[in-house]
Amino acid sequence: MSDCCTTATIEMTPTPRIAGKIQTVVLVGPPNSGKSTLFNRLTGLRQKVANYPGVTVEQHYGKLSGIGRADLTLIDLPGIYSLNTNSEDARVAVDVLHGKMPGAPSPDAVLLVLDSLHLQRQLMLAAPILSLGLPTLVLLNMSDLMETRGGEVDTLALAQELGVPVAKISASRGTGLDSIKHFLDKKSQPIPQTPRLELPVVGNPRSYRQWATGISTRTKYKAPLSSEWTRKLDSFLLGRVTGPLLFLVVVFGVFQIVFSVGLPVSNGFQELLNGAGHKVGLLLGNGWLESLLIDGIWRGVSSVLVFLPQILLLFLFVGVLEDSGYLARAALIADRVMRAIGLNGKAFIPLLSAYACAVPAIMATRTIENKRDRFATILVTPFMTCSARLPIYMLMIAAFIPNKPILGDFFGLQAAVMLSLYVLGFLAALATARLLKSSILKASSAPFILELPQYRVPTLRSLGLRLFDRGKVFVQQAGTVILAVTLVLWVLSHIPFHAGLPQSIIGHVGQWIEPVIRPLGFNWKIGIGLLSSVVAREVIVGTLGTLYGADPATQSLSLQAALRHDLTLGGAMALVVFFAFAMQCTSTLAIVRRETNSWKWPALQFAYMSVLAYVAALATNVLISRFF
Amino acid sequence: MIGRSGVVETLQLPDEIQHHLMHMGFMPEAHVRAVRRAPTGDPTVYAIDGMEVALRRETARWISVRESEEESR
Chain A
1 MSDCCTTATI
11 EMTPTPRIAG
21 KIQTVVLVGP
31 PNSGKSTLFN
41 RLTGLRQKVA
51 NYPGVTVEQH
61 YGKLSGIGRA
71 DLTLIDLPGI
81 YSLNTNSEDA
91 RVAVDVLHGK
101 MPGAPSPDAV
111 LLVLDSLHLQ
121 RQLMLAAPIL
131 SLGLPTLVLL
141 NMSDLMETRG
151 GEVDTLALAQ
161 ELGVPVAKIS
171 ASRGTGLDSI
181 KHFLDKKSQP
191 IPQTPRLELP
201 VVGNPRSYRQ
211 WATGISTRTK
221 YKAPLSSEWT
231 RKLDSFLLGR
241 VTGPLLFLVV
251 VFGVFQIVFS
261 VGLPVSNGFQ
271 ELLNGAGHKV
281 GLLLGNGWLE
291 SLLIDGIWRG
301 VSSVLVFLPQ
311 ILLLFLFVGV
321 LEDSGYLARA
331 ALIADRVMRA
341 IGLNGKAFIP
351 LLSAYACAVP
361 AIMATRTIEN
371 KRDRFATILV
381 TPFMTCSARL
391 PIYMLMIAAF
401 IPNKPILGDF
411 FGLQAAVMLS
421 LYVLGFLAAL
431 ATARLLKSSI
441 LKASSAPFIL
451 ELPQYRVPTL
461 RSLGLRLFDR
471 GKVFVQQAGT
481 VILAVTLVLW
491 VLSHIPFHAG
501 LPQSIIGHVG
511 QWIEPVIRPL
521 GFNWKIGIGL
531 LSSVVAREVI
541 VGTLGTLYGA
551 DPATQSLSLQ
561 AALRHDLTLG
571 GAMALVVFFA
581 FAMQCTSTLA
591 IVRRETNSWK
601 WPALQFAYMS
611 VLAYVAALAT
621 NVLISRFF
Chain B
1 MIGRSGVVET
11 LQLPDEIQHH
21 LMHMGFMPEA
31 HVRAVRRAPT
41 GDPTVYAIDG
51 MEVALRRETA
61 RWISVRESEE
71 ESR
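Chains as they are written, first to last, in the numbering used here: chain A, 1 to 628; chain B, 1 to 73.
Okay, chain A solo, but in the shape it has when bound (with noise of 0.2 Å):
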């Protein structure tokens, strides 16, 4: 205990920049300090995503345009407790901090953000940051809730036991921003005199601590009650009974409104972006143009943007879950169940996000800090049955399956193969959880340790500032990586010109895989509609179409007959069995690199995927073909 209490006099040498001249500003904070928040207040809408070359952590930066002043740039860093490198966050912070960061310029201010309702505590985070000797200015956030709840911090006497400026803000309210103005706008003229500061030498949590406890008993830090309504609303939304059933209750109005609200405005969405491509196709006249623009490029990127009013709705239903505090809740609630398969209660958002669509999944994982956890969620999303495969599920089940009545007329042998195929994806997620978690993915040391947050009722600005960010990301992938493929698809089965698709490249292509396929008992035009399908599962349908229209042989038939007249039923059962297991979505795989920073999960997804796919139809099929 004695190597706590050393304390030593720090010099504060001014920053080795043009003396007085800052330009870049970081916001560092511990996680829930209400950091994001203030982040959006500071920079509004134009933040950009800084990539970090081998880093996961995604940070935003933007110009401090919601102070006026868009000349100076800020860095949010992630929520970190201490300067300790253990984790991947804590290092990003603290090369970012000293300036070490390829690609982020080095700071010459700092913004440190508390949560003033747990000072005391928070403040530990203030003794490593302030030891950098950068120009700092520390807000307590939430001073308005503290205040209310009869909590109180002598800021003047802060101030002095820091050396460095202190102010209470309230980031949702947007008050005391003016205070970090005036900072600024301060340290833009010549730098003062460098203030002498006592800190604790030893970097451990102890003597951290120690000087923290001390800090805030000199200036006469009183911490806030803590809300009683939460502990009541507590004691009935974890209730042994209330818990579960509310839980269940969430997780299916979440689900039943994302399907019974989503699916008609999807639909509704997609048949004005139809309408809309028919229209410039007109204008456009009966060419080659008309066909890149509209056949390829137009329907290829809008059968991924009609997603995009399903998953708007689903980002706003989770970020009134997080918001509100009640995510923790339900994390802590499906922890056992999770734990089960090797992954944690936070895990079960994002796992059940993926029955709308494996993308916003994918992004919801970010609650989740347990890098290793985090990735196996990643990596197992996709088996869950997304919207996108319903499509060819409908198709060939009802091509291929006879609906005889199982259990009376409400449910039926086409609604049992259709429940089996949700069963199989989610088999198939378990299993590889399990497989991640005890292999390349084994649990690491890090426990699952969660925070519950009190209960808040959220903003609107912070739920719409989330959609708008989601949005962006998802408009941009299907504006870049769908764009580019299916531009590629289009060219390839335009070339030669004049040929149908049979003569073309990808026609050939088909053919030629044919042998692969065909102890699947798929044919080559399957085989074309495989390849065609990477870019999203349900251009499948599309595709088909196409070609069994093109085909003398079916030509007077519908898709449905068309296909009965050139598949078995083990083939038809194995298309849909391919479907349920492989990764045919070239989305979710660039929003798998984008989110793990690296072509190597996504590359390892596809492998795993495609293989298990490939197996399990071949096992279809010959069992099929063998019993029926």
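If you are wondering where the hints come from, they were derived from the structure by calculation, not from laboratory data. Glycine residues also receive a C-beta, built at the ideal position from the N, C-alpha and C atoms. Worth double-checking, as some hints may not be accurate.
What the hints assert, rightly or not - If the Cβ cut is set under 10 Å, some of the chain B residues that face chain A in the computed set are:
| id | residue |
| --- | --- |
| 1 | Gln18 |
| 2 | His31 |
| 3 | Asp49 |
| 4 | Ala54 |
| 5 | Glu58 |
Assemble chain B onto chain A, guided by the hints.
Below, chain B alone, put in the same frame as chain A:
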């Protein structure tokens, strides 16, 4: 167990986890109270340092706590 409070004595966990827990408030001499269990029985929610933090039994068992003199509720 639930509703009982105590004082943290030692943490017998790897350094990395110990640091994380200490930053969450699980510091020797800190008062801790078991508030409630998850409906499934585990994890348990602890009140510490004005915050509520949930830990699984597999983690909590390595934090030794002595009974505090002033028994609260």
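Report task. Output the numbers, in ascending order, of every earlier hint that fails for this structure. Result -> Result: hint 2 breaks, nothing else.
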